[in-house]
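Colleague: Here's the letter readout for the chains.
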Amino acid sequence: MSRSLTAAELPAAPATRGDRTVFALRGVGKTYARRNIEALGRVDLTLDAGTFSSVIGASGCGKSTLLKIMAGLVPPTSGSVMLAGRPVTGPRRDIGMMFQQATLFPWKTTLENIVLPIEIRDGRAAARVHHGNAHALLELVGLKGFEGVYPKELSGGMAQRAAICRMLITEPEVLLLDEPFSALDELTRDFMNMELQRICLQRGATAFLVTHSIPEAVILSDTVYVMSPRPGRIVETVAVDLPRPRTLDMVTTPRFGALVDRIRSHLDKGSFL
Amino acid sequence: MSEVALSAALETENTVWTEQDSWFDRIPRSVAMAALAVVAIGLWQAVSWSGLISPIILPSPGDTLRHLIFVGGNLLSGGYMLQSLWVTLQELVLSFALAVGIGFALGVLVGETAFGERAVMPYLVAVDTMPKVAFAPLFIAWLGFGIESKVALATFIATFPIVVGTAAGLHASDENARMLFKTMGASRWQTLVKMKLPTGMPQFFTGLKIASVGVMAGVITGEFLGGGRGFGELIRVASTNLDTARVFALILYLSLLGLLSFGLVAWAQRRVVFWQSASVAREVG
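Chains F and C, in that order, are what the protein sequence lines are.
Position 108 (the first sequence) corresponds to 108 in our numbering; numbering is contiguous.
Remember, our numbering sits 273 above the position in the second sequence when you count from 1.
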């Protein structure tokens, strides 16, 4: 087995914060022709390198559709989606994705689950070469020593940590997070959010989170996009100017409360018309 | 120290509600099974002593035991019964292998392709609803009185549960897993081999278990109706001679063979789907 890299030796972040556009969406819309439902109006969105953005909205406001379009899983009806200067026309190697469920496969060990994207992309031999990186990632998320453990022995939070490793193993340009911790209990979720921040800061990752928790969006993000439904569109862009690294104590500060109130007022206006 | 422990124990007894098992719940499973067998055989013995039922219809346990020993001796000494058993065993293994091959291929066709699901599946359902044993005379007419007609009937019976198990297994993967494989850029083949098939292994093995029972029914039915030199033929001959105790003994040996084949499939399932049993244990425990 190859020597494990330590977390500090991981490949450096591809860019410093905010100086380069990673994702650019221009006038992206989606209409489901069969039922003639306009799921998404014209959405414009720019994600800079190393920034954390969230989109928040009520259920059915089209935020999941937006995420699927960005991931190349669903084609938009109109507009353009550019990732790292190239249009997104299908699933891409430079996109890492995470879902509400960890979706680890029970017949593979934690380590084998983490290198699965490499195995799919470049075969088993390449996957073995990446075992060293996987060890380093496990250390990064605090799962060192769980390499050979099968998923059924992991708790919900541990399983999501392993899913983070699997998302990071291909060193994606951007992380698309679809309510990744919403199935966890609240204490674990708060803790995992702080872990996510630490990991993103350490790796200089560009991340885009879909959530329906306002505090979660505020504590994690540099920018929060508020979406309203029918058709889904961005009604407000809120810049979060809380200093980094964020801590859970900040939740009680007046500034945090003001940001939450501002987002809530826009959500209320948009979603209950 | 001991006083503290005692008072704690008393306290526990007074405050914690414990589920009261009846004495019946506390009997070990093996003891309960043995007790039931003893009661059943006792009843059987009582009925045959009473002389109410002719031994041609219900032989006594003693007669049956004598025949069990005789048949066992014949099998162990390599007599004609062992040759019959060998014929039946060949039929079982061949038809099971064929059923697995055909059933798996059809199951993938039906579970993975739109053509299979829309065009092939309705016909499979239609054929599956037919009484398959009724096809036995046809197989005998087409393939003769040898081993082939028995293998054909048993394969015919055992294929359908494997088709259904395989197809159900391919539909068992959840939306997230499919989306994950899409985002990883997996091909259809990779998605099938690396995700859908392993996910569906429990359902596939359920099909195999049903099939392992089905081949036995098919082979023995084939031998009843189509002669030959198998174990079913021994049973048929014994029953025409009104030798009911022999029939009982032969059926018991046959059921041992059935248990063995079912057990082999269950053992293979535990080895292949090693993640299944433990997760069930966690849900229960």
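Source of the hints: derived by calculation from the structure; they are not laboratory data.
All values derive from a computational prediction rather than experimental measurement.
Cβ coordinates follow ideal geometry from the N, Cα and C atoms, glycine included.
Check before you lean on any hint, since a few could be wrong.
Claimed, not checked - Sample of chain F residues facing chain C (criterion: CB under 10 Å; computed from the structure):
no.: 1; residue: 68
no.: 2; residue: 103
no.: 3; residue: 105
no.: 4; residue: 106
no.: 5; residue: 117
no.: 6; residue: 151
no.: 7; residue: 170
no.: 8; residue: 246
no.: 9; residue: 248
Colleague: Output the numbers, in ascending order, of every earlier hint that fails for this structure.
Modeller: Violated hints: 8 and 9; rest satisfied.
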